[in-house]
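Asker: Dock chain E against chain V, hints included.
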Amino acid sequence: MIGFLFKGLLRDRSRSLFPVLVVVAGVMLTVFMEAWISGENHEFIRASAAFQTGHVKVTTRAYAAKADEMPNDLAIEGLGQLLSELRQEFPQMVWTPRIRFGGLLDVPDSLGETRTQGPVGGMAVDLLSDSSPELKLLNLEPSIVQGRMPHAPGELIVSDDLARKLKIGPGDRVTLFGSTMYGSMATANFTVAGTIRFGITALDRGMIIADVADIQAALDMDDAAGEVVGFFRNGQYNDRQAQRVTKTFNGKYAGSDDQFAPVMAALPDQGGLRQVLVLHGFSLGLIITVFLTAMSLVLWNAGLMGSLRRYGEFGVRLAIGERKAHLYRTLVAESVMVGIIGTALGTAVGLAVSYWFQVHGLNVASMMKGSSAMYSSVLRPYVTPACWVIGLIPGLGATVVGAMISGATVFRRQTATLIKELEL
Amino acid sequence: MQKSKCGGQNDRSVTLSAVEGSLSLALGLCLSLSLCLASEAPSGDEILRKVDANNYADTRVAVSQMVIHLTRASRTVKAKSWIEGENKSFTSFLYPPRDAGTKMLKLKDELWMYTPETDRTIMISGHMLRQSVMGSDLSYEDMMEDHKLIDQYSSKVTGDDTVLGRKCWVLELTAKEPDVNYHSCRVWVDKERYVPMRENRYAKSGTLLKTTEVKNVSQHQGRWVPDRVTFKDALKSGEGTEFILDSIRFNVQIPDYMFSKAALKK
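Those sequence lines, one after another, are chains V and E. The numbering used here applies: residue 69 is where the first sequence begins, and numbers increase by one. The numbering used here applies: residue 51 is where the second sequence begins, and numbers increase by one.
Just so you know, these hints were derived from the structure itself, not from any lab. Small disclaimer: the values here were computed from a predicted structure and weren't measured. Built from N, CA and C at the ideal position, the CB exists for glycine as well. Be careful, since some hints might not be right.
Said to hold, decoys possible - What the simulated footprint calls covered on chain E by chain V, stretch by stretch (three residues with Cβ under 8 Å from a Cβ of chain V suffice, anywhere in the stretch; the number is not a length): (1) 120-126; (2) 144-156; (3) 163-169; (4) 184-194.
Pulled out of the complex, with its shape left as it was, chain V reads as follows (with noise of 0.2 Å):
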């Protein structure tokens, strides 16, 4: 019978082509808004990891208490013994240093004296060692507009909007002005490997990035960092496991009353994060709900209006002795086909238009000046599992919903006035 009802659906375009596209565009719509979401979502997330919070970040109680001031006078002292410590305690995670550093960088002219000068905000991050985790983590080599990566001790990279407003580029010296760990003047001078664009209109700014050594030389940071961050080796969240590695860590220092004893906290527990995922969260979800509703009564009342524009098929039906049990099955039996080719095609035509978005990005940076969130200026969606199953609600619930109640009124359909209707 599902053979017989196929060829029909197929022959009767009215049945088939018009109900199965308004399911390929709804279900469509539906998994590209899933993965739209999802992708802001992710993108937060991730950047946040990257450029903040690590999954994990490691501190001292001080520095953890002032962390918006980047207070380097409290960092850690004795990060060689810290990070081995981290490294055979939790080797699911991959450790690294970082130092945040402000300061004033400063280009020479002829005469060495100030030609022009500009506040940064600077990352220190391991860059030289082989074993670095931080270009893959921070996306660096692929996000280099003119020059390359620093190569050698006493290179770094300028975000390329600021190398434009201070009219430098690779090869140029700079000289970093700021402050050590001590309170004292720092300075120290620099060549420009390359500028880049990360893509994230707070950092695009004003930032700079320098291998964690020179800093360290440069602030008088022996041994000392701000922070060290630990990323999960699969390079995804996860807060189960960054809550346990969190309190098993703390735990051994809980009875400690020094303000520079070493503190974990995981991302959501960082900069009031974890509201911020909590509300982002919940705005997502009613987001993609009302749009879920919105799309599922858009199919629903497709479903009842081909059903009921059958009105007078199902008249001749009857009268040709189809039982209205059997009449109502392949109805409901036809919406099933229909919602199913319809939801594979969405889903398949939502998924490819994510991909491609997922890999080329939209950028919306000229709508995002003047942003301090940590938000990338390059939109895109991220394909989650749930992208594969969304399409199902509306495409093929809503669609067999419609056509089950609008099917019901076969059971109240009457043949007795059948030839007045059909006007014969």
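Answerer: This is chain E only, laid out in the frame that chain V set:
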């Protein structure tokens, strides 16, 4: 250079500058000592004029230390300063070894810094002027301030008090122009020596920004000079920065080249 005292203006100097400012004030105080004994409280402007009049020498050369209390430890910075009038000063840091050889030159509203490790002459400007100098409780902006109090602030005497065993007038100063570093100040001025013994500096909102407390005053070449002062950034935790004046000489000959950028590299 300026002094440290008054509110807004003088005290913005750190190292020597700060000291010298205070010294000058003390000098002025001395001069007016006899007059002041007269008893009747002079007006705020009269007091400021006397403070200003004694706050500046033609030239000064001073060696001073700053003891900076950090969260983890304390450290001492030693420097020698050459100051001419209100607009020129040259400071060479002597200690600790990491900072030795670093030099600062102030020419009117410009502040230049030279560090031997980079062999660069860098202009300090913009938001950097509000940064701490050598981790102390004083900012570069504080160091730059060198105008006379009477030009920057309107004043009134609001009472009497005793600081460090010295009888003082309490003055309320309010900035005459919006570009003054501190919108208002409360200053305790020694009635006999005309040395500002204590100073609280406020933002326009009324927030206390900086405090200055003189711990000791001594005579140098007949002038009363605060030689131990504690500066405190009220927005930072910590014990503040102690300023200790090791030596000071007034009206000495300073060669012109000292106040040139070329001198920074010598």
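Asker: Each hint should be assessed against the structure and marked as holding or not.
Answerer: Quick rundown of the hints versus the structure:
1. Coverage of the segment 120-126 of chain E by chain V holds. Counting CB-CB distances below 8 Å, 5 residues qualify, and the rule asks for three or more.
2. Under a criterion of three residues with beta carbons nearer than 8 Å to beta carbons of chain V, the stated coverage of the segment 144-156 of chain E is upheld, 4 such residues being counted.
3. Proximity of the segment 163-169 of chain E to chain V, defined as three or more residues with a beta carbon under 8 Å from a beta carbon of that chain, is established by the 5 residues found.
4. Given as covered by chain V, the segment 184-194 of chain E passes the check, having 3 residues with a CB less than 8 Å from a CB of that chain where 3 are the minimum.
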